[in-house]
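K.L.:
Protein sequences, first through last, are from chains B, X and R.
Under my numbering, the letters of the first sequence match residues 1 to 337, in that order.
Under my numbering, the letters of the second sequence match residues 338 to 619, in that order.
Under my numbering, the letters of the third sequence match residues 620 to 939, in that order.
Take every hint as true, because none was put in to throw you off.
With a Cα cut of at most 25 Å, we get these calculated BS3-like pairs of lysine-lysine:
#	chain 1	residue 1	chain 2	residue 2
1	B	LYS247	R	LYS747
2	B	LYS74	B	LYS59
3	B	LYS247	R	LYS749
4	R	LYS651	R	LYS756
Hints in this document: simulated from the structure, not taken from any laboratory.
Model, not experiment: these values are computed from the prediction.
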Amino acid sequence: MIGLVLKRLAGALPNVIGVVIVTFLLTRALPGDPAAYFAGPSATTEAIQQIRASLGLDKSLAQQFALYLRDLAKGDLGNSLSTGQPVLTEIRQRLPASLELTLCGLVLALSVAVPLGILAATRPGSWIDHLCRLLATAGVSLPTFFTGLLLAYVFYFLLGVAPSPLGRIDVAFSPPPAVTGLYLVDSLLARDAALFRATAGQLALPAATLGLFVMAPLMRMTRASMLGVLSSEFIRTARASGLPRMKVLYAYAFRNALLPVVTTLGMVFSFLLGSNVLVEKVFAWPGIGSYVIEALVASDYAPVQGFVLTMALLYVALNLAIDVLYGFIDPRVGIEG
Amino acid sequence: MNAATLRHVRYVATQNPVTLAAFLMFSVLVLLALAGPWIAPYDPLASDTANALNPPSVRNWFGTDALGRDILSRIMVAARLDFGIAVSAVAVSFAIGATLGSLAGFFGGWADRIIARIADTIMAFPLFVLAMGIVAALGNTVANIVLATAIINLPFYIRVSRAEVNVRRNAGYVEAARLAGNSDLRVLALHVFPNVLPPMMVQISLNMGWAILNAAGLSFIGLGVRPPQAEWGIMVAEGATYIISGEWWVALFPGAVLMLAVFTFNLLGDGLRDVMDPRMRT
Amino acid sequence: MSLLEVRDLSLEFRTRSGTVRALEHINLEVVKGETVGIVGESGSGKSVLCFAVLRILDAAARITSGSIAFAGMDVLRASESSLQQVRGREISMIFQNPRTALNPIRRVGRQIEDVLATHSATLREQLKPKAIEALAKVRIPDPDRRYLAYPFELSGGQCQRVMIALALACDPQLLIADEPTTGLDVTTQAAIMQLVSDLARERGMATILITHDLALASEYCDRIVVMHAGHVVETAPTAALFRAPAHPYTARLIASTPAPGQSIATLASVPGNLPDLRRADLPSCRFQERCERALPECVTDGLPTTIADSGHLVRCFNPL
Chain B
1 MIGLVLKRLA GALPNVIGVV IVTFLLTRAL PGDPAAYFAG PSATTEAIQQ
51 IRASLGLDKS LAQQFALYLR DLAKGDLGNS LSTGQPVLTE IRQRLPASLE
101 LTLCGLVLAL SVAVPLGILA ATRPGSWIDH LCRLLATAGV SLPTFFTGLL
151 LAYVFYFLLG VAPSPLGRID VAFSPPPAVT GLYLVDSLLA RDAALFRATA
201 GQLALPAATL GLFVMAPLMR MTRASMLGVL SSEFIRTARA SGLPRMKVLY
251 AYAFRNALLP VVTTLGMVFS FLLGSNVLVE KVFAWPGIGS YVIEALVASD
301 YAPVQGFVLT MALLYVALNL AIDVLYGFID PRVGIEG
Chain X
338 MNAATLRHVR YVATQNPVTL AAFLMFSVLV LLALAGPWIA PYDPLASDTA
388 NALNPPSVRN WFGTDALGRD ILSRIMVAAR LDFGIAVSAV AVSFAIGATL
438 GSLAGFFGGW ADRIIARIAD TIMAFPLFVL AMGIVAALGN TVANIVLATA
488 IINLPFYIRV SRAEVNVRRN AGYVEAARLA GNSDLRVLAL HVFPNVLPPM
538 MVQISLNMGW AILNAAGLSF IGLGVRPPQA EWGIMVAEGA TYIISGEWWV
588 ALFPGAVLML AVFTFNLLGD GLRDVMDPRM RT
Chain R
620 MSLLEVRDLS LEFRTRSGTV RALEHINLEV VKGETVGIVG ESGSGKSVLC
670 FAVLRILDAA ARITSGSIAF AGMDVLRASE SSLQQVRGRE ISMIFQNPRT
720 ALNPIRRVGR QIEDVLATHS ATLREQLKPK AIEALAKVRI PDPDRRYLAY
770 PFELSGGQCQ RVMIALALAC DPQLLIADEP TTGLDVTTQA AIMQLVSDLA
820 RERGMATILI THDLALASEY CDRIVVMHAG HVVETAPTAA LFRAPAHPYT
870 ARLIASTPAP GQSIATLASV PGNLPDLRRA DLPSCRFQER CERALPECVT
920 DGLPTTIADS GHLVRCFNPL
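Turn these sequences into a full structure, and let the hints guide you.
P.N.:
The following block contains the structure:
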């Protein structure tokens, strides 16, 4: 098992290298004067010169890359022009908010898509089956930002059921003492039920928006995979052995059907991390998504670079985790390398 | 398109009313894209602050926005821009991606390895994030949106064409063409590739929907399209601030049309798949 | 006393391209302890018949007439829960392609334990030793280690032994073996068949052996049932069937089975193909179109049942 993890780590390495190189090229390949970009629209000539020197832009590309790597190793992602703070610090502060949102979106999507997919597969041709297929096609057509607005309009403005879609926590409350940075977890740890409910309320609409988009591929894959497994020969053996229906469905069918679904998670995370930005804008969520949007508006370039790098590395790590998880579920993986 | 194909298309169309509806919607969209500026009732750029934020009425079917511009007209004109972005991005992506993928699938070896590495590197990023990075780096223009969308769709076309070419690489007619003296490249271009095209059509249609969503998403966060240009994504962004105060029409209509367009392409892709799928033929 | 009695069973499948009349007026009887072989071409309905006995048919299947009685129980009327008690415990089935017939991501020991836990009152601590014991009984070497193996780690023959262990774990009265050796090499075939035969004798267990291999059936079966295109055409004790086959189809089958020393050039074959069972205009005897002894009544009149000898039945208007 350790061998498998190490092998996967080695496999992820080229991707990390690729990410670092691409982000380097993106920032140094800017048309015009990259130093001017980093210095900002209102910089003086001396400031631009300073930036040029510190970025090493007067040196060769190879030397620049070396400098870039050295800065990365030190955790130096530059400073934000608007706030003057180091980018890394700000990203670290805001990351938990985005992570909490993404995780909740994923959990929501899984808890709806997987049971529905299983139901649709066990009752082919029923209304559930047709509903699933419709939702699957419609789901991937929904623009995330539009869904978010619609949900906010219906549930906040029209029905008044949801709290004001502005931010992570209502003004009446103050955030829980930070342990993980995830308000839901922290409020539970602090045993503050009211705070937990308030946080969950704020999370509901944004998480639902995120989840809706990825529900479609997950449901489609679960249904297809389950259908395939249910007609396979080992299920017939299980039935012929008189195993109870629940055992056949869960321990035999579902576990096997899970495999392609786990593989789908890779694509799902790509959507989630990307759509995160859009959802954060709609709901004024204080994560790294809105951070980068503010930076874009202000032509503040260092945070954008930091954002792309962070999201990409996070994505590589998530894909690695998925690969390892798959290896745990499927014992055949080791032999096929 | 011989008689048998036409008959089959008619068969699929009657069996599948949804696909027919999608095709009609598609035609409407194409019409709008081509003729938008001329059939729009008002000038999409003409602001009339006295009539700002009017709800849908007989005068303005979809209402007016914060600057008093007619939303329906803006939506019609935006069709051209969004459609144009999607078509250009998919065309570029297809051209480059299919070429690279075919080369990789046909020749294998180090060509395959390098091209696969390029595709993997692009896929190592969450795609929308990469698009953001590209547009931010290269400049806030429509051309760069097209470029960014094309780049993030490359791995998709590389993979599909590589797989399709790989399957056909050792087919009988390929051997025959080789034996007849054609160079490898000629065989690839004239014999293998035309057979790869039909399955790729399905993917292209599905990809168009995704490309529109991508472009709209980028515009929503302020990348690419600048006001006062009319584009569905940026219109939703402009309307976002008003939706919570009750002026729903500013964001809803552009968003709904956007959704319909993407839905159309997805349904069309599914329908095309049914036409191509030999199992549906009687 | 018969253990299994199938009377006048007819079964059809509703498909998109028509209704397939898969079985028609099937009669089958299995007595306690005997080994019955069901032989016929692929598509003759042998497996479908046994799926019907266990009622593990596809959803598209419809039983249109007849009855199935097992140890006095009316299988077709029984509830699903009472059938679950029977499957794996009173009647067991083993399949072709043992590696795909086992759960690929579950250790074989656990799969045996699942059956034990469902059907016997075995205590939790006893499950593992009993599973290992089951593996030992099917002569798998090193059963303690094999208990932890996954199907992909075992050879075809070993997988088939595991399946047999699964099937026999709760000492059923009837074992249905659906082409158990078709995917295996010849030496393994012999070993597996010998194993099944020995175990059946030890336990006094009845066996139904489904095969297209007449030579195999002749070696291991007490009685043979010949099926063609969803009909039972002949039933006889093994020796009698080979000595004096009564149905033209049986004679052809025997003639087309290679014998040692016989050259391939002299091998006969059964002409034609199985008829399309979706046709509405099928003749009463479905072998009629391929038969050189066909008479006009073979097309129109319902098939007779002629008794050629004691225990030897044939359904033909013009038997040999």
